Every structure is written in C-alpha cells, then in structure tokens.
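Assemble the whole structure, with the sequences as input and the hints as a guide.
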Amino acid sequence: MAKPPLYSESNGTDKTPPAFNHTHAPVVAVSLLQPRVAVALGIPKRWHHTLSACRLLSVVPPFCWGLRYALRFLVADWSRPSNRDHGRDTPVSDLRLTETALAMIWCCASAYLAFFFTDCLMSRWLINYTPQATVVRLFTISCAFAYLTSWIVYLADGSQDPGLLLPAWIGIATILTTCYHFTQRKIKIRKETFASISVFSIASFISMVALLLHSHSTRVAYQNIPLVALAKRAGQIARHILFHVLGVTGDIDGL
-17 MAKPPLYSES
-7 NGTDKTPPAF
3 NHTHAPVVAV
13 SLLQPRVAVA
23 LGIPKRWHHT
33 LSACRLLSVV
43 PPFCWGLRYA
53 LRFLVADWSR
63 PSNRDHGRDT
73 PVSDLRLTET
83 ALAMIWCCAS
93 AYLAFFFTDC
103 LMSRWLINYT
113 PQATVVRLFT
123 ISCAFAYLTS
133 WIVYLADGSQ
143 DPGLLLPAWI
153 GIATILTTCY
163 HFTQRKIKIR
173 KETFASISVF
183 SIASFISMVA
193 LLLHSHSTRV
203 AYQNIPLVAL
213 AKRAGQIARH
223 ILFHVLGVTG
233 DIDGL
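According to this note's numbering, the stretch in the sequence shown is residues -17 to 237, in order.
Hints listed in this document are in silico derivations from the structure and should not be mistaken for laboratory results.
Computed from a prediction, not measured in an experiment: that's the story for all the values here.
There are no misleading hints in this set.
Label-pair restraints from in silico Cβ distances: (1) Gly217 with Ser197: 15 to 25 Å; (2) Gly217 with Tyr129: 42 to 52 Å; (3) Ile188 with Ala211: 17 to 27 Å.
The beta carbon of each residue, even a glycine, is placed where N, CA and C say it ideally should be.
Pasting the structure below:
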C-alpha cells in the first residue's frame, strides 16, 4: 500500500512541516492572572483568576513567618540608642543586621521557589484533573506549606533571634528546591529548572560574601592588609568627591 504524502506541496513553495510552521501557530498569552498551562489547555477564563489566586497563596508563608520577623528585628535594632554612646558591642549589632538582611534574602528566595513548586504541581493537576479539583489541591498544598513553615520557624526559635531565623529559612529554601526538582522529574511537561538553581545559588553566594566580609572586618589583624588599606583609601576618596559634588558643608577634614 502506498504511503500518503506527509505534507501538501500543491504550490511547490511551502515545504515546512505543520508542527514546525510557526506562522500559523497560536500564541499562548502569558500573564500573572492567566497561567500558561490553563490557557494552553483551553481552561475557561472564569477559572484563571481563581487558579492564579490559589497559586499566589504559596508566597504568603515567607512573608508571614519570615519577612515580618526580619522587619521587626530591623526596626528594633534601628530604634535602639547608639551603640557607641552606651558602650555596647558594635560588632555584635552589625552581625545582627547582617543576619537579618540575609534572612530577608532567603525569605524572598523561598517565596520564589514556592511559587515555582506550586506552579509545577498546578501544571500536572490541570492535565489530570478538573479545574475544581486543581483549586482544592492548590489550596491544600498552600495550607500545608504554611503549617510546616510555621513549625520549622518555631522549632528553630527564629522568631526571637535573627541568627536563628537565617538557618531556618536556608533549610526551608533547601527543602523547596529539592521538592521542586523531584516533582519536575515526575511530570511530562518540560519545565525550566535553571531559574530555581540560579535563585538558590545567588542567595548562597550573597550569604557567603556577606558573612566573610563581616568576619574579616571585625578582625584587627586584617586591618593592615594592603588590599584592605587601598579599599579604605578608595572609599574615603570617593566619599570626599561625593561630598564635594553634592555641596555638603559638613566637616570632612578627617577623611
């Protein structure tokens, strides 16, 4: 039996397979209120806002049990009297500020990873279940994430000390990254994993650099290193130029 022709070549010009002909391919609209998979699967538009709202619930725990505590620590540190005037340990206060800032970075990274993880689950659920069932599952996974997050922060005592809040959220981000990659391997849709790896790597690099800078800045023996001296001198010159350009009339003779 003769095989049917694969493509129509009646005009003799268009020999592009239909699967690779992007001229007539439908464009899938992507926005925060229109999930890509929901649009591609033809889910009715009345479900788009509900699906997006349930997906956004995954970023609530990092703000409630992470950024809220970190901002409270920052306000408490800034509202205290000057450490130098009362003879307090300035390096310890600087360390608290560093740990609080890093905790905020890891909270944002966890929120980003939680959103990716929930979006990955939503993609699989929309293929296998109805929109109603997907909404119930999204709401359930968000509640479970909030419950586990609150317990991790509580067990680490992160609500009382920024030094304990930082490792708690590093652990949460690690768990989310592992769950995301494990779930991504189980679905048939191609998902971009480079973003999750980049977020975790950037947060880790910033934490390492910040803690190293604080560690070396508090050691008196490192104050005489030529590189440190040159960096301080460059900072003083830049500050002097900035004051001159801005027309600051304060006392800068000590620079």
